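**Q** Residue-level listing of the chains:
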Amino acid sequence: MKMKKILSTLALTVVLSVALTSCATSTTPTTAGTTKVAGDATTVATTKAAGESTKAAKDIYIPVISKGLQHQFWQVVKKGAEDAAAKYGVKITFEGPSSESEIAAQVTMLDSAIAKKPDAICLAALSTDSVMDQLNKCLASKIPVIGFDSGVPGAPAGSIYANASTDNNAAGALAATSMYPAIQSMVKAATVAAPVRIAVLSQDATSESVKGRTKGFIDKMLELVKADGIASVAVIGHDMYKNDVAEKSAAVVIDVSVSATTAAADLATSASALLNKNPIAIYGSNESAANGILDGSNEGANLGKIVAVGFDAGIRQKTAVRAGYFLGSITQDPYNIGYKAVELAYQAIRGQKVANVDTGAKFYTKANIDDPSIKDLVYD
Amino acid sequence: MNLGSKNGTGAVTIKRSNKKVNQRLYAFLALVVIYIFFCFLGRNFFGIETALNILDASNYIGFMAIGVTFVIISGGIDLSLGTVAMCAAMVGGVAFRKWGLPFWVALILVLITGALFGLFNGILVAKLKLPAFIATLGTMMISIGASSIISNVQTMNFPARTEASGGWFKDVFSKLQLSNGMIIPTGAILLLVVLLVANVILTKTKIGRYTFAIGSNEEAARLSGVDVVFWKTIPYVISGFCAGLAGISFASTYTTILPGAGQGFELDAIAACFIGGASTTGGSGSVYGTIIGVFIMSCLRVGLPSMDLQPHYQKLLTGIVVIVAVLIDMSQQKKR
Numbered sequence: 001m002k003m004k005k006i007l008s009t010l011a012l013t014v015v016l017s018v019a020l021t022s023c024a025t026s027t028t029p030t031t032a033g034t035t036k037v038a039g040d041a042t043t044v045a046t047t048k049a050a051g052e053s054t055k056a057a058k059d060i061y062i063p064v065i066s067k068g069l070q071h072q073f074w075q076v077v078k079k080g081a082e083d084a085a086a087k088y089g090v091k092i093t094f095e096g097p098s099s100e101s102e103i104a105a106q107v108t109m110l111d112s113a114i115a116k117k118p119d120a121i122c123l124a125a126l127s128t129d130s131v132m133d134q135l136n137k138c139l140a141s142k143i144p145v146i147g148f149d150s151g152v153p154g155a156p157a158g159s160i161y162a163n164a165s166t167d168n169n170a171a172g173a174l175a176a177t178s179m180y181p182a183i184q185s186m187v188k189a190a191t192v193a194a195p196v197r198i199a200v201l202s203q204d205a206t207s208e209s210v211k212g213r214t215k216g217f218i219d220k221m222l223e224l225v226k227a228d229g230i231a232s233v234a235v236i237g238h239d240m241y242k243n244d245v246a247e248k249s250a251a252v253v254i255d256v257s258v259s260a261t262t263a264a265a266d267l268a269t270s271a272s273a274l275l276n277k278n279p280i281a282i283y284g285s286n287e288s289a290a291n292g293i294l295d296g297s298n299e300g301a302n303l304g305k306i307v308a309v310g311f312d313a314g315i316r317q318k319t320a321v322r323a324g325y326f327l328g329s330i331t332q333d334p335y336n337i338g339y340k341a342v343e344l345a346y347q348a349i350r351g352q353k354v355a356n357v358d359t360g361a362k363f364y365t366k367a368n369i370d371d372p373s374i375k376d377l378v379y380d
Numbered sequence: 001m002n003l004g005s006k007n008g009t010g011a012v013t014i015k016r017s018n019k020k021v022n023q024r025l026y027a028f029l030a031l032v033v034i035y036i037f038f039c040f041l042g043r044n045f046f047g048i049e050t051a052l053n054i055l056d057a058s059n060y061i062g063f064m065a066i067g068v069t070f071v072i073i074s075g076g077i078d079l080s081l082g083t084v085a086m087c088a089a090m091v092g093g094v095a096f097r098k099w100g101l102p103f104w105v106a107l108i109l110v111l112i113t114g115a116l117f118g119l120f121n122g123i124l125v126a127k128l129k130l131p132a133f134i135a136t137l138g139t140m141m142i143s144i145g146a147s148s149i150i151s152n153v154q155t156m157n158f159p160a161r162t163e164a165s166g167g168w169f170k171d172v173f174s175k176l177q178l179s180n181g182m183i184i185p186t187g188a189i190l191l192l193v194v195l196l197v198a199n200v201i202l203t204k205t206k207i208g209r210y211t212f213a214i215g216s217n218e219e220a221a222r223l224s225g226v227d228v229v230f231w232k233t234i235p236y237v238i239s240g241f242c243a244g245l246a247g248i249s250f251a252s253t254y255t256t257i258l259p260g261a262g263q264g265f266e267l268d269a270i271a272a273c274f275i276g277g278a279s280t281t282g283g284s285g286s287v288y289g290t291i292i293g294v295f296i297m298s299c300l301r302v303g304l305p306s307m308d309l310q311p312h313y314q315k316l317l318t319g320i321v322v323i324v325a326v327l328i329d330m331s332q333q334k335k336r
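Listed in order, the protein sequences are those of chains A and B. Be aware that the first sequence starts at 1, since it is given in the numbering used here, and climbs by one per residue. Be aware that the second sequence starts at 1, since it is given in the numbering used here, and climbs by one per residue.
Careful, some of the hints might be misleading.
[What the hints assert, rightly or not] Listed next, the stretches of chain B that the computed footprint assigns to chain A, with coverage defined by at least 3 CB atoms under 8 Å from CB atoms of chain A:
1. 50 to 58
2. 148 to 156
3. 258 to 270
It should be emphasised that the hints constitute simulated quantities derived from the structure, not laboratory data. Just so you know, these numbers come straight off a predicted model, no measurement behind them. Where is the CB? At the ideal position from N, CA and C, for every residue including glycine.
Please construct the entire structure, taking both the sequences and the accompanying hints into account.
**A** Here it is in structure tokens:
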């Protein structure tokens, strides 16, 4: 009996002390939350327009819910968001599921965020369909939602006030136009008897951003190749992208592979499979896919003459670009994405009119990677 | 500290009925303490909205946990639960979106898929004598692959509220909002019904008795004339069927089913069983205890973000809760 008592007391103590210790750092925001409600009641005199608020900036709370935290990309988004929060003097929390396939975890996060009665929410939804109810709830309770990164495509009308995001189709197309000069001569020489392959590696066929970058690349590549007089171009591989030209009757084959899961090992396997078919070029449509190509090619050293173009940055991809294994990569502006998201949220809370912001994309190579205009965009 | 000792004296009076009640009582008190704790420290935690969020986060794990309780009591383990649940949901999604079957048929297919995976596990374990750990590990991988193959590695979305066909789905299996704004947690009610039925099966029927008997001592059960091969298969089928229910529940709450998803769900469900007092060696456990375990975990999952803590703290804390719960359990076993 005694043992039992001791153990059960121990159990509760451990749980509580761990929770308390970790909570010690966040007591300030909690109190800020309570005072906020009181302050709100006294300041609200008339009916407010959606989201408009006159409360002091320090009482404003904006949860920023990203798609993940694991990539460097998100850490830079976070930095941008924090800097914007510091500039406007508002309080934010930056959270995200531990991997980009954890839809349920993200929905739970969003639920918790809404329950905290925030002034606005910044959201990069893993799946819009999964958060329909939540978005409608925000709409009903007039909580402005700002989409960032890939945003929240297909959200209920009026729930998303604005997006801070990269135009993914345009970014994918930029990858194609940047890659094309390096392979143009080979493409022009291609015939049905001696076809050339262009490989595309995509992390998934579910996320809007990855789909857009993959589709943008393929469409632009088709356009460029056809403009050079090659009529028979086959897109093979994944159902979502393939066209009705048979591989056997094509001079240029665009081979699209979607990894079995988003796990690094699966991406590496898919990359190796693509590379084994001797393509003249390969494109990876996000950081994971680019890393998959590096994993499947001994960090790029085995790519040989294959023209490789990646997406986003990260220390590995940058090294490959510097070494010349990658022709270059497309970078978004993660810092700007995070910064603009919080800025738009703040403006929406203040009742200002907000509009979508294209945060831009650039192609970086060995030559310009250290230029001031690029350096800040390519994170480690 | 006070709570701890009060808890102890309360336990003495109940002890005579069932020593397991103790464990459940501890678990329940822990749940109450955690909830109250968050009410004080979380931002706007206390309230109906958060309570509904906790129910949402509990439902799908709850179904899985009820199912796996049967398996654990029978002395086995089911590692395939989570991925089977998602694979079953995927089959339903594909049946509805791609094959164009009526939505209710798709839902029945989800349950059948779950139960078939369970039957497969059961045959491997009971008939072919494969260790449950290995059999269900294999099934886990099979179900991951199967869901990716059947969906062609694409996401499937279950019907939204506004969709003409199957628009009732969320109302029935997740939440129903009445015209006066009141929300009825239909998913939680369904979980409650399944919980009560599962408890009756476990405590009042032959299935339950034989499950306990096999879990306590399989050889003794066999010698006293129990058809062990048959009765050992049943818990796996129940577990698979419950995984199907979990798949439906997940789809109703989260809408989007990813190919090859679900890994890790089974660990939450299994952990809930142990928090709720199931024994690692089989022969004891209860679905009520399990459900309390589920709620403890979802309370942490919903509560920690309300304190502005990242959700990975939840995993860490759940880990501690599981270890401590089983330590308490063992200390009780030793005294008998």
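**Q** In terms of beta carbon proximity below 8 Å, does the segment 50 to 58 of chain B have 3 or more residues touching chain A?
**A** holds (count 4)
**Q** Do three or more residues from the segment 258 to 270 of chain B put their C-beta atoms closer than 8 Å to C-beta atoms of chain A?
**A** It holds: at least three residues are needed, and the segment 258 to 270 of chain B offers 4 whose Cβ sits within less than 8 Å of chain A.
**Q** Taking 8 Å as the C-beta cutoff, is the stated coverage of the segment 148 to 156 of chain B by chain A satisfied by three or more residues?
**A** holds (count 5)
Of the numbered hints listed earlier, not one is contradicted by the structure.
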